[in-house]
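Visitor: Sequence:
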Amino acid sequence: MKVLVVGSGGREHALCWAISKSPKCDKLYAAPGNAGIADVAECVKIKSDDVDGILKFAKAEKIDFVVVGPEAPLVAGLVDKLESVGIKAFGPSKKAAQLEGSKAFMKDLLAKYNIPTAAYGVFDEPDAAKEFIMKMDCPVVVKADGLAAGKGVIVCHNKNEAYAAIDHIMIERAFGDAGDEVLVEEFMPGEEVSFFALVDGNSAVAMASAQDHKAVHEGDVGPNTGGMGAYSPTPVVDKALHKKIMETIIQPTIDAMAAEGCPYKGVLFAGLMIANGEPKVLEYNVRFGDPECQVLMARMKSDVLEALLACANGTLAKTSITWKKDTALVVVMAADGYPGHYATGSEINNLGDARAIKGVEIFHAGTKFKGKKVISDGGRVLGVTSTGKTVKDAQDKAYQAVDAIKWPEGFCRRDIGWRALERE
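No gaps in the numbering here: position 91 of the sequence shown is 91 in this note's numbering, and each next residue is one more.
By construction, these hints were calculated from the structure, which means they are not laboratory data.
Since we're looking at a predicted model, the values are computed, not measured.
From the three backbone atoms N, C-alpha and C, an ideal C-beta is built for every residue, glycine too.
Among the clues, some could well be false.
List time: in silico DSSO-like cross-link candidates among lysine-lysine, alpha-carbon distance up to 27 Å [claimed, not checked]: (1) K373 to K47; (2) K406 to K370; (3) K243 to K389; (4) K318 to K239; (5) K130 to K81; (6) K2 to K392; (7) K318 to K27; (8) K239 to K324; (9) K45 to K94; (10) K397 to K358; (11) K21 to K88; (12) K389 to K301; (13) K47 to K21; (14) K389 to K373; (15) K324 to K397; (16) K325 to K214; (17) K47 to K372; (18) K280 to K243.
Each pair of labels, with its calculated beta carbon distance range [said to hold, decoys possible]: (19) R414 to K358: 19 to 25 Å; (20) Y113 to K370: 49 to 55 Å; (21) E247 to D137: 26 to 32 Å; (22) K56 to E218: 42 to 48 Å; (23) K24 to E247: 47 to 53 Å; (24) D403 to K325: 23 to 29 Å; (25) A164 to K325: 31 to 37 Å; (26) Y113 to D52: 34 to 40 Å; (27) G371 to H217: 33 to 39 Å.
Please work from the sequences and hints to get the whole structure.
Guide: Encoded structure:
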């Protein structure tokens with residue numbers, strides 16, 4: 001098969017790395033890819049949100065299967081356009097992608113079908129949102145309705161912070177059009193986990209659980225980021241909780257989407273809050289998480305391409321996925337200043353020495369070539385990923401690799417996996 005992966009981040013590098021191992025894959029392209037993806041795929045200079053450009057390339061090259069990595073092209077309807085010309089694609093339709101594209105759509109669906117989530121209100125003007133906040137207990141969570149690159153969520157510890165968050169999103173337009181509407185939610189205490197399932201419209205096959213580290217600094221302090229590290233599996237999701245999540249959240253959501261006339265295909269990524277053994281939905285994403293995808297691909301024993309094809313073909317009920325028993329852990333190396341202002345263009349050295357460590361793979365998230373040099377080209381730049389028999393083993397290997405990389409302009413958290421280590 002000729003396969004095209006759309007995207008340029010760590011998630012897409014992990015997908016390309018896994019897909020390239022499949023006997024079904026004869027030729028692999030990435031649009032636009034990055035310096036790391038170039039090791040396993042041919043990179044083509046088409047931006048991931050250039051829907052027409054991707055469609056034109058896929059038709060010209062007679063691509064058999066397109067795997068869409070990021071959310072923006074999914075929300076823009078890339079899968080619909082590909083399928084309209086007979087090209088199979090992995091990912092939801094434009095209508096189904098509203099699960100991530102509109103938090104209001106997602107929350108209204110959950111409420112309608114009694115799927116557990118936080119109490120909330122949706123508002124399209126600031127004063128009404130502030131009146132709602134006046135009647136709530138703090139802390140509260142204020143969210144931009146649309147896509148905001150993982151940054152449109154503000155936890156507010158008192159009412160003044162919440163009012164300021166409303167102004168920040170709706171009046172200052174901090175997230176642009178994504179803030180045309182806001183959600184105000186009750187704050188849910190507990191432990192946050194990422195739960196993934198492959199879906200073919202009717203059936204779902206659960207993938208491994210993972211736990212992300214959103215805050216920029218050790219101890220989960222500082223502003224939220226797109227993710228500073230992750231590990232899989234997460235001990236909090238035992239067999240009983242896994243069963244409960246599938247029965248009370250994942251399958252009811254798939255059934256609800258079908259009932260609403262927008263059957264869901266692709267990967268369903270549920271951000272869940274677990275409190276006293278009870279899961280509730282924080283949010284849905286319609287693509288693999290980044291950096292969670294890196295640890296999932298590192299642990300997946302099954303042919304990834306076959307599993308993704310089964311979603312597109314509607315044959316998931318006949319598909320099973322097997323996993324390595326090892327723990328996988330990824331440490332994100334980011335540019336100094338991230339998630340605020342950061343510089344790009346600094347040189348990264350010794351990547352070969354880091355990759356030479358047994359059980360380590362380096363996934364590129366924001367890199368490009370300058371001549372033969374690898375230079376930084378984003379906020380989150382590398383995903384240093386390792387596997388080990390225990391969380392401690394995987395963590396030790398990852399930080400050994402981090403320390404081998406020579407990149408003075410970068411930083412990372414030094415406590416990835418701390419919750420699981422405490423359990424160990």
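Visitor: Evaluate each hint against the coordinates.
Guide: Do the hints match the structure? See the list:
no.: 1; hint: K373 to K47; result: holds, 22 Å
no.: 2; hint: K406 to K370; result: holds, 17 Å
no.: 3; hint: K243 to K389; result: holds, 25 Å
no.: 4; hint: K318 to K239; result: holds, 22 Å
no.: 5; hint: K130 to K81; result: violated, 40 Å
no.: 6; hint: K2 to K392; result: violated, 39 Å
no.: 7; hint: K318 to K27; result: holds, 26 Å
no.: 8; hint: K239 to K324; result: holds, 17 Å
no.: 9; hint: K45 to K94; result: holds, 24 Å
no.: 10; hint: K397 to K358; result: holds, 8 Å
no.: 11; hint: K21 to K88; result: holds, 20 Å
no.: 12; hint: K389 to K301; result: holds, 15 Å
no.: 13; hint: K47 to K21; result: holds, 25 Å
no.: 14; hint: K389 to K373; result: violated, 34 Å
no.: 15; hint: K324 to K397; result: holds, 17 Å
no.: 16; hint: K325 to K214; result: holds, 25 Å
no.: 17; hint: K47 to K372; result: holds, 22 Å
no.: 18; hint: K280 to K243; result: holds, 14 Å
no.: 19; hint: R414 to K358: 19 to 25 Å; result: holds, 21 Å
no.: 20; hint: Y113 to K370: 49 to 55 Å; result: holds, 51 Å
no.: 21; hint: E247 to D137: 26 to 32 Å; result: holds, 30 Å
no.: 22; hint: K56 to E218: 42 to 48 Å; result: holds, 46 Å
no.: 23; hint: K24 to E247: 47 to 53 Å; result: violated, 32 Å
no.: 24; hint: D403 to K325: 23 to 29 Å; result: holds, 27 Å
no.: 25; hint: A164 to K325: 31 to 37 Å; result: violated, 47 Å
no.: 26; hint: Y113 to D52: 34 to 40 Å; result: holds, 35 Å
no.: 27; hint: G371 to H217: 33 to 39 Å; result: holds, 34 Å
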